[in-house]
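Novice: One line per chain: the protein sequences are V and P, in this order.
For what it's worth, the numbering used here labels the leading residue of the first sequence as 43, then goes sequentially.
For what it's worth, the numbering used here labels the leading residue of the second sequence as 252, then goes sequentially.
Everything labelled a hint here was simulated from the structure, so no lab data went into it.
Distance condition first, Cα-Cα at most 25 Å in a straight line; then the derived DMTMM-like pairs of lysine to aspartate or glutamate:
#1 K134(V) x E97(V)
#2 K584(P) x D305(V)
#3 K517(P) x D294(V)
#4 K164(V) x D96(V)
#5 K71(V) x D502(P)
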Amino acid sequence: MYKIVSKKPLSENVFEMDVCAPYVAQARKPGQFVIVSPDEERGERIPLTIVDGDEQKGTIRLIFQRVGKTTSQLAEMSAGDCLGYVAGPLGKPTHVERFGVAVCVGGGIGVAPLLPITKALKEAGNTVIAILGARTKELLILEEEFRQLSDELIVVTDDGSYGRKGVVTEPLAEVCRRERKPDFVMAIGPAIMMKFCCETTRPFGIRTQVSLNTIMVDGTGMCGGCRVEVGGKTQFVCVDGPEFDGHQVNFDLMMKRLAAYKDLEQKAYEAYRQHRCRIGLDRSSNP
Amino acid sequence: MSEISQTLKELLEKHRAGQLKPKDRFAIPPQEMPEQSPAVRRFNMNEVALGYTEEQARMEALRCLQCPNAPCVEGCPVRIPIRDFIREIAEGRYQKALEIIKGYSLLPAVCGRVCPQEVQCQEKCTVGLRFKDVMKSVSIGRLERFAADRAGEAAAVPEAGEPTGQKVAVIGSGPGGIVAAADTRRGGHEVTIFEAFHKPGGVMVYGIPEFRLPKAIVRKEIETLEKMGVRIVCNFIVGRTRTIEQLMKEDGFDAVYIGVGAGLPKFLGIEGEHLVGVYSANEYLTRANLMKAYQFGEGADTPIARSRRVAVFGGGNVAMDAARMALRLGAEKVYLIYRRSEKEMPARVEEVHHAKEEGVEFRLLQSPKRILGNERGQVVGVECLRYELGEPDESGRRRPVPIAGSEFVLEADTAIAAIGNGPNPLLQQTTPGLKFNRWGYIEVDENCRTSLEGVYAGGDIVLGSATVILAMGQGRIAAAGINAYLAEKRRRGAGA
Chain V
43 MYKIVSKKPL SENVFEMDVC APYVAQARKP GQFVIVSPDE ERGERIPLTI
93 VDGDEQKGTI RLIFQRVGKT TSQLAEMSAG DCLGYVAGPL GKPTHVERFG
143 VAVCVGGGIG VAPLLPITKA LKEAGNTVIA ILGARTKELL ILEEEFRQLS
193 DELIVVTDDG SYGRKGVVTE PLAEVCRRER KPDFVMAIGP AIMMKFCCET
243 TRPFGIRTQV SLNTIMVDGT GMCGGCRVEV GGKTQFVCVD GPEFDGHQVN
293 FDLMMKRLAA YKDLEQKAYE AYRQHRCRIG LDRSSNP
Chain P
252 MSEISQTLKE LLEKHRAGQL KPKDRFAIPP QEMPEQSPAV RRFNMNEVAL
302 GYTEEQARME ALRCLQCPNA PCVEGCPVRI PIRDFIREIA EGRYQKALEI
352 IKGYSLLPAV CGRVCPQEVQ CQEKCTVGLR FKDVMKSVSI GRLERFAADR
402 AGEAAAVPEA GEPTGQKVAV IGSGPGGIVA AADTRRGGHE VTIFEAFHKP
452 GGVMVYGIPE FRLPKAIVRK EIETLEKMGV RIVCNFIVGR TRTIEQLMKE
502 DGFDAVYIGV GAGLPKFLGI EGEHLVGVYS ANEYLTRANL MKAYQFGEGA
552 DTPIARSRRV AVFGGGNVAM DAARMALRLG AEKVYLIYRR SEKEMPARVE
602 EVHHAKEEGV EFRLLQSPKR ILGNERGQVV GVECLRYELG EPDESGRRRP
652 VPIAGSEFVL EADTAIAAIG NGPNPLLQQT TPGLKFNRWG YIEVDENCRT
702 SLEGVYAGGD IVLGSATVIL AMGQGRIAAA GINAYLAEKR RRGAGA
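Whenever a hint applies, use it, and build me the whole structure from the sequences.
Specialist: If you want it as structure tokens, here you go:
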């Protein structure tokens, strides 16, 4: 069950794995996610967007970034290992239609969930402009896939080590000012990036969709831990989302909620890393 | 058999000789449940109530008058022949007692612990009526628990019926689903339970805490189902992983029981509800119970707030569970804020009593007006309003009326809303043709049959907010309906 079929690093801290989950592979649609845990007994449940899948092989493709204990555990697993469990697909699929010109903005690990949506937008007949951002060249992922999919690709890095120097909102603003104004913007990335993408498109009145990745437990509507304020109303990311009209989302509140367990997570991660280091020492001292 | 006291021996002799008069039975003191002391248990997760000894159980059983009309049975949602099983306990025939219960309730070890007996069987008990005190009724729940704990190990696994070749899907592995699965399996069908979580048991594993219902008990019930040949598939969200239509049209299921619970937590709709440190009771308890957050850093990876002062909103069992869990997770102060008086509290009397004993501070006739936060978005306090009781409302309870200008602030770093659940919209979104009422609950007839052929439903997704025993009762009715429906289908198939 939930066997890792293949796994490879995309950058120092970003990994891609194909996991056996036949039902999910069959049912999944762009924009949906799964709840994953590395360990059935003690593991934490984390949401990961489904990047791709192969219905024939019964596998789904997940991309994740090593940020804490749970993602470190995932990062240490290899092909042949089994995940504790994979549940899904969850969330409402992306609403895809022929908008005309669609801009797909991805930042950091957010580039991964953006891929299936971009693919669907392209297949629906949109002209796709992709804007990908990363801190530095080594952290940029899936560039080739996006180059093939999009009609125009703009890459930015914070330090200018690759593509343009700067952040994604700069090319986004330029695209919005073009004579052929975009009809639709999809932005996925860190909350702060999504917030500023929405601020960028707001004056132009361009519909802007965001995909939120909040803290979740069950992912099926039962806990409400993922709740966000959208248009002044409480919405659950897991059942009402994960995609929302970005102009209505209260990002400031969401960012505060995302930090809810920061201290505890930090401690758990440090304890885990120290533990791993000790294991390494044991090995070297006992050849 | 262990030693019994001289007093009990003498009572039993009189009882057997038919000479134990009601007067003698009334004279037997109600047997107190042995419990962990409040000072100890508020720091551990172990079960609070330890269960009767054999001596106590038989003493308590002798308090039963064996009323010819057995009014207690009227109070039981699944009509367990209470008088009969109590008689067996008095005689020391625990296996027989358990068999009698099992004919009606599949989960006596659970129900003996979590049923609100004081508003069901024990409310009707003649002994309690005689003393004009329901707490002096025969402790039917404790006796049920005793029979289950004492004789459960040796209980036979119910046999599956003659194979029919028909397939039943049970959605949700809570109490209703367990009963529906067992009863349809006894009907001879191939039964599969689909559970969204990674562990089966529903509310009994994610919601009700270990200190009230040990998970080993739930696990054992699930194992019994597996021994009967019921297949359990976890991490499977019907509506998303597969739809009901796919299960029936593509996967060959002939009938479906929907027992998904309600489980979409309600919030109060007040200012500050999105602050860090505000939980639904569902989330708080799921983190603590199912994900074992109380072992965070020492065997479990799911975090939960490290709280000092906790405010719980609500007056039901879930509110009590959350408040008592907060104590066990290390809170120094736990407030339980309820806008009516204690009399109107829907929680079991025992839970209220236990919560108070453990030091939960009850703030009655008070209600949160807004939750206060700091610049980091964390809860720092709750502004409350005082209430008084006015005229009775449509529920028959006196309506709480706010007292203008009575606001005050309680310092708190965590707030937990335990004010009930609404229906999960997932099945409504993904099951065309399935009829829901305007509140989002599934519409069924008296046989728990829905608007879709072969699809039955019960428990919270039908009743709104129910209890374990009511959900079980519906699971049983639905299973009978499914067995009849499938028999009819076989007949039609054979005739064609």
